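Enquirer: Using the sequences and the accompanying hints, generate a full structural model.
Going line by line, the protein sequences match chains A and B.
304 is the number that the working numbering gives to position 224 of the first sequence; each next residue is one higher, with no gaps.
693 is the number that the working numbering gives to position 205 of the second sequence; each next residue is one higher, with no gaps.
Bear in mind the hints are in silico, worked out from the structure with no lab data behind them.
From a predicted model like this one, the values you see are computed outputs, not experimental measurements.
Do not take every clue at face value.
Straight line, CA to CA, 25 angstroms or less: simulated SDA-like cross-link-like pairs of lysine to any residue [said to hold, decoys possible]:
| hint | chain 1 | residue 1 | chain 2 | residue 2 |
| --- | --- | --- | --- | --- |
| 1 | B | Lys760 | B | Glu549 |
| 2 | B | Lys612 | A | Asn234 |
| 3 | A | Lys224 | A | Phe235 |
| 4 | B | Lys561 | A | Tyr373 |
| 5 | A | Lys279 | A | Phe267 |
| 6 | B | Lys536 | A | Pro113 |
| 7 | B | Lys612 | A | His167 |
| 8 | B | Lys535 | A | Ser370 |
| 9 | A | Lys279 | A | Phe289 |
| 10 | A | Lys224 | B | Leu546 |
| 11 | A | Lys224 | B | Gln697 |
| 12 | B | Lys760 | B | Gln650 |
| 13 | A | Lys224 | B | Thr678 |
| 14 | B | Lys536 | A | Ser370 |
| 15 | A | Lys224 | B | Glu705 |
| 16 | B | Lys612 | A | Leu122 |
| 17 | B | Lys535 | A | Leu116 |
| 18 | B | Lys612 | A | Ile121 |
| 19 | A | Lys279 | A | Ala290 |
| 20 | B | Lys535 | A | Leu110 |
| 21 | A | Lys224 | B | Thr716 |
| 22 | A | Lys224 | B | Asn712 |
| 23 | B | Lys791 | B | Ala556 |
| 24 | A | Lys224 | B | Leu694 |
| 25 | B | Lys535 | A | Pro113 |
| 26 | B | Lys742 | B | Leu714 |
| 27 | B | Lys659 | B | Lys742 |
| 28 | A | Lys224 | B | Ala686 |
| 29 | B | Lys612 | A | Ser238 |
| 30 | B | Lys742 | B | Gln697 |
| 31 | B | Lys612 | A | Asn228 |
If we take Cβ atoms under 7 angstroms as the criterion, some of the chain A residues that face chain B in the derived model are [said to hold, decoys possible]:
| hint | residue |
| --- | --- |
| 32 | Gln119 |
| 33 | Gln127 |
| 34 | Gly223 |
| 35 | Lys224 |
| 36 | Ile227 |
| 37 | Met315 |
| 38 | Thr316 |
| 39 | Asn368 |
| 40 | Ser371 |
Where a beta carbon is used, it is the ideal one built from N, C-alpha and C, also for glycine.
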Amino acid sequence: MTLSWGQLRNIFFKYGIYAAFLILVVVLALTSPSFLTLQNILNVLRQSSIIGIIAIGMTFVIIKGGIDLSVGSILGFSAVVATSFAHPGEYPVIAPIIMGLLVGVACGLVNGFVIAKWNIAPFIVTLGMLTAARGMTLVYTDGKPIINLSDAYNFIGSGHFLGLPIPVIVFILVILVGVFLLNFTKFGRHVFAVGGNEKAARLSGVNIFAVKLAAYAIAGLTSGMAGILLSSRVMTGSPILGQGYELDAIAAVVIGGTSLTGGRGSMIGTVIGVLIISIMNNGLDLLNVSSYYQQIIKGAIIVLAVLLDRKSNN
Amino acid sequence: MKKQFKLFSIVLAIALILTACGGGGSSSNGGGSSDGSQSGGGGESGKKIKVGIVYTTLTNEFAVKIQAAVREKAQELGIELLEADGQGKPENQIAQVENFITQKVDAIILQPYDRNGTAPAVDKAVNANIPIVVVNAQTSNVEKALAYVGSDDVYAGELEMQYIADQLGGKGNIVIIRGPYGNSAEVDRTEGNRNVLAKYPDINVLADQTANWDRAEAMVLMENWLQTYPDIDAVVAQNDEMALGAYQAIKAAKKENEILVIGIDAIEDALKSVANGEMVATVFQDAVGQGHTAVELAVKAAKGEAVEFENWIPFILVTQENINDFLKQ
Numbered sequence: 081m082t083l084s085w086g087q088l089r090n091i092f093f094k095y096g097i098y099a100a101f102l103i104l105v106v107v108l109a110l111t112s113p114s115f116l117t118l119q120n121i122l123n124v125l126r127q128s129s130i131i132g133i134i135a136i137g138m139t140f141v142i143i144k145g146g147i148d149l150s151v152g153s154i155l156g157f158s159a160v161v162a163t164s165f166a167h168p169g170e171y172p173v174i175a176p177i178i179m180g181l182l183v184g185v186a187c188g189l190v191n192g193f194v195i196a197k198w199n200i201a202p203f204i205v206t207l208g209m210l211t212a213a214r215g216m217t218l219v220y221t222d223g224k225p226i227i228n229l230s231d232a233y234n235f236i237g238s239g240h241f242l243g244l245p246i247p248v249i250v251f252i253l254v255i256l257v258g259v260f261l262l263n264f265t266k267f268g269r270h271v272f273a274v275g276g277n278e279k280a281a282r283l284s285g286v287n288i289f290a291v292k293l294a295a296y297a298i299a300g301l302t303s304g305m306a307g308i309l310l311s312s313r314v315m316t317g318s319p320i321l322g323q324g325y326e327l328d329a330i331a332a333v334v335i336g337g338t339s340l341t342g343g344r345g346s347m348i349g350t351v352i353g354v355l356i357i358s359i360m361n362n363g364l365d366l367l368n369v370s371s372y373y374q375q376i377i378k379g380a381i382i383v384l385a386v387l388l389d390r391k392s393n394n
Numbered sequence: 489m490k491k492q493f494k495l496f497s498i499v500l501a502i503a504l505i506l507t508a509c510g511g512g513g514s515s516s517n518g519g520g521s522s523d524g525s526q527s528g529g530g531g532e533s534g535k536k537i538k539v540g541i542v543y544t545t546l547t548n549e550f551a552v553k554i555q556a557a558v559r560e561k562a563q564e565l566g567i568e569l570l571e572a573d574g575q576g577k578p579e580n581q582i583a584q585v586e587n588f589i590t591q592k593v594d595a596i597i598l599q600p601y602d603r604n605g606t607a608p609a610v611d612k613a614v615n616a617n618i619p620i621v622v623v624n625a626q627t628s629n630v631e632k633a634l635a636y637v638g639s640d641d642v643y644a645g646e647l648e649m650q651y652i653a654d655q656l657g658g659k660g661n662i663v664i665i666r667g668p669y670g671n672s673a674e675v676d677r678t679e680g681n682r683n684v685l686a687k688y689p690d691i692n693v694l695a696d697q698t699a700n701w702d703r704a705e706a707m708v709l710m711e712n713w714l715q716t717y718p719d720i721d722a723v724v725a726q727n728d729e730m731a732l733g734a735y736q737a738i739k740a741a742k743k744e745n746e747i748l749v750i751g752i753d754a755i756e757d758a759l760k761s762v763a764n765g766e767m768v769a770t771v772f773q774d775a776v777g778q779g780h781t782a783v784e785l786a787v788k789a790a791k792g793e794a795v796e797f798e799n800w801i802p803f804i805l806v807t808q809e810n811i812n813d814f815l816k817q
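Expert: Dropping the structure here:
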């Protein structure tokens, strides 16, 4: 070896996330021959796009210093409203898409408003929305899944464009917009500021109310998008769609390096976090690891991530 | 410690665990697709047949019974079995079927959680020219699959409702606890329930809701119903887990001598309950028969042999009279 340990460590510190990701890919490629096939890669990308899109929205909320437990329920609610407009021969396919997104944004705005106006802990408010939105979903559907959807709607989740599955294309677009908003706009800087030190941000003239409102609205919007994509992939507006997705999204954001205390983080980190989780799920499935062990491993990784995050703060 | 190092340690941990798992695997031999052959065609001699199975959720006792039967038959036939657990989500089942297709398995067995939600999985297998056998519940497009193995859930619904109607002499108040809405067993058992109810106008259905096959949910539901309806005569639950949950609530309210409880599946706990005179009856669903037959069909399909499309395994009513036939299983 011509490099010293010190130099090696520096390389890892600088390119850490990417190195880590690469190691994971290499190990899986060696242990499972189906892993690096084009079909599998496309599968993994498609399978990560739903959680990925939610995680992008969640990144804004967490960097701002909050959290959003309701994204899974908002996904479900958006999904059932959207699919109720997606029966063949009724409305053009743009209608369910708009309705789904509107529902997502509306729920997000409610979250943001309550949190910003009355200063209630985001955990509590979004927990309330988690339950309420799931309830609204059940009321809206009378508990029964919405079926008989138009081919155009189903195409959103299962179709391809330019060789890529549509959910992947949407994911890529959302990543680009997310990176741009967070890193290249005033809004993005304000999100970091509010998350880092709310008092200082307020004193330097940042409109805290607007930033909070916007962050949760973005999370709601991404949940709405995910709801449309997921319900289209399973061709059903099922009232239990999205249950538990909030935890996967939060895990992806945290593994990607964003701190739960706010003020620090990166969109690319979130994307890598999402990919690591999906690759892990995919790899463990390909290696035929029992689902019980998979859950243990996933849980351990998340706790490890938060633990190390806390240590690196001190 | 910088964040990048943190991420690196996590990934190293994952990598180490994966390498360990790659060697171990859980149920099949050596885990994963290490055949050495890429063509994945079916059943040439000297190469093991690879079958992938996707379960609804292994937290459900009935699915676990099917798993035991499937593993037993797979070992007997000497095939390689790959397993995946949908964990109650149709999108997971679709993804797992996609993974099996990528691994070029010779046949797929699918135990669908949601009649409509899991249907795309069947399409994918058919489009990839991999034979798919649907077991235990149907999808909306099951006719596209190569074969279906299951029990007639409409008949099960009729059996349980008819038994209660007979016990009540054709009149009384009942409540119905259903499976997850949209699940094919729920849809069919409800149809069976309703077919019989149509004959008995003097039986009132006071309430009718889902407890999602779950014991704890059913218990809470029953507790609430006991508060609301003072004169329930019987509980018709669409599976044993929920029947047992309801029974616990009834027992806690000290009404076990006033209310009859019936379920479907004949899982261990339910059989004991019937033997002890608690639940009044259950309907035996032959998990072993379904599991064995599913594997046999999958292997035949992998070898290119012809199979029957419909393979019905009968339901049997189990009461205290014939309980001893079933307790030994």
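Enquirer: Which hint numbers does the structure go against, in order from smallest to largest?
Expert: none
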